[in-house]
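Student: Given next are the chains, with one letter for each unit.
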Amino acid sequence: MLDNLQRTGARPRTGLLFLAVIVGHVILISSQVQSGSGMPVLEAVTFGAFARLQGVTAGTVRGVRDSWSAYVDLRGVRAENEALRSQVDDLEIRLQEQRTLAQRTERLQALLDLKAFVNAPTLAAEIIAGYPKRGLLTVTIDKGSSDGVTENMAVIAPTGVVGRIIGPVASHAARVQLLIDTSAAAGAVTERTREGGMVVGQDGDPPLRMELVSNLADVQPGDLVVTSGAEGIYPRGFVIGSVESSERGTHLYRSITVRPSANFRGLEEVLVVLIPPRAATPENTSAAAGGGPR
Amino acid sequence: MRIAFGILALIGALALQTTISGLTLGGARSVNLVVVAVVYAALTFGPVAGLFLGTAGGLVQDALAGGIVGVGSLAKTLVGFLAGVLGAQFIVAQPFPRFVMFVGATALHEVCYEGLYALVEARPFRLHYQPLLIQAGVNGLVGLLAFFLVERMPGLLQRRRARRGRY
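Protein chains in written order, with this note's numbering: chain U, 1 to 294; chain S, 1 to 167.
Don't read these hints as lab results, they were simulated from the structure. As the structure is a prediction and not an experimental result, all values here were calculated from the model. Where hints are given, some of them may not hold.
Just some of the chain S residues that point at chain U, by a computed CB distance under 8 Å [said to hold, decoys possible]:
| id | residue |
| --- | --- |
| 1 | THR44 |
| 2 | VAL48 |
| 3 | LEU51 |
| 4 | THR55 |
| 5 | LEU64 |
| 6 | ILE68 |
| 7 | VAL69 |
| 8 | GLY70 |
| 9 | VAL71 |
| 10 | SER73 |
| 11 | VAL120 |
Note that CB positions come from ideal geometry on N, CA and C, so glycine has one too.
With the hints as constraints, model all of the structure from the sequences given.
Tutor: Written out as structure tokens, the structure is:
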């Protein structure tokens, strides 16, 4: 073997062999020599080198694991977020329902209070449809002739006068002409000075004006305007609204605008005053000449 | 044949060295027969032979002596390889160059051995020159004797047989 090596072994190959043997010796010696930490040098060197590799591997694995965990967590958070959103939506709907119920309860309570206040028999009705058509502002209630509702009965709300029943009246439904309709009117007086006149609807803001009030009358902004009952439809003393402006007119009468106290945009429940209309009283005719439907 | 001779020489050197060590400590320290055998093989067969025999002899000697296995082996490997390279580069057929080679190889072996131990045990490098010189001289003489015996012995025996046959 040695001869073969000597014969065939070129110098570079011999050098490599020598190098390999030297390296083998170094490894052999290192495996037996203790390092400063009491660990064999070979083990320490191997451990140190491998520790770096392990560090890189562990870092990579940790990175992948963290990324995966973040991804999974993100998915979980997304699902949780969706569930929470759904829950919030449900709760908002419930809250809305509760709020609506509370408002409805309040309105019904107000209606009950009004019913107790009104001496005349009344019937609670719910507005089931509305027709905000220009020139004919009407709503439909869920009570009709079978409930004792007839034409020209007054319809009121806790906050004020709403309007009157107009024909034809169905058995379980009826139409209500709102007071703010341009063709509606009601006899009215100012509460403070008892100045009589007629409240009619108009196109504008505010949607009511008070006519037939003398220029000499004492009517000031803020005065409360109530029904006079002169036209025979609306019971006496119900609030219509408050004077917003009162100016001296060019002819005999003042120019007065009235802000209705009833919220016509948010009407839901009303009371129908179950008193058949009566003929207009003579003494009020002069004050409320155009009472009732014009 | 040469391989067998080299291995046999190494085994004989190891056996003799351990025997000397068992008899007297001073005698063991004043000669290193394994180094002699390695250098002899390197000068005779070349660097690769010196390399392998140095490795094998050193490992066995380290294993028998205790301590760190590989230190003596590495020193003998270096010595064997360098002796083989130098033997191939220069003419070392005469006794003096051979003696110088044995002395130099012994010194190099001792330097490497002590240096490696100083390195792995983190202690200062110390060389005892007097024992080293004695060992180098003894190794050189033993080496020359080995060359003489191997090269001259067959001729002497042949002449002796011829002389006996004449009588």
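Student: If a hint holds in the structure, say so; if it doesn't, say that too.
Tutor: Each hint, compared with the structure:
no. : hint   : result
1   : THR44  : violated (10 Å)
2   : VAL48  : holds (4 Å)
3   : LEU51  : holds (6 Å)
4   : THR55  : holds (6 Å)
5   : LEU64  : violated (16 Å)
6   : ILE68  : holds (5 Å)
7   : VAL69  : holds (6 Å)
8   : GLY70  : holds (4 Å)
9   : VAL71  : holds (6 Å)
10  : SER73  : holds (6 Å)
11  : VAL120 : holds (4 Å)
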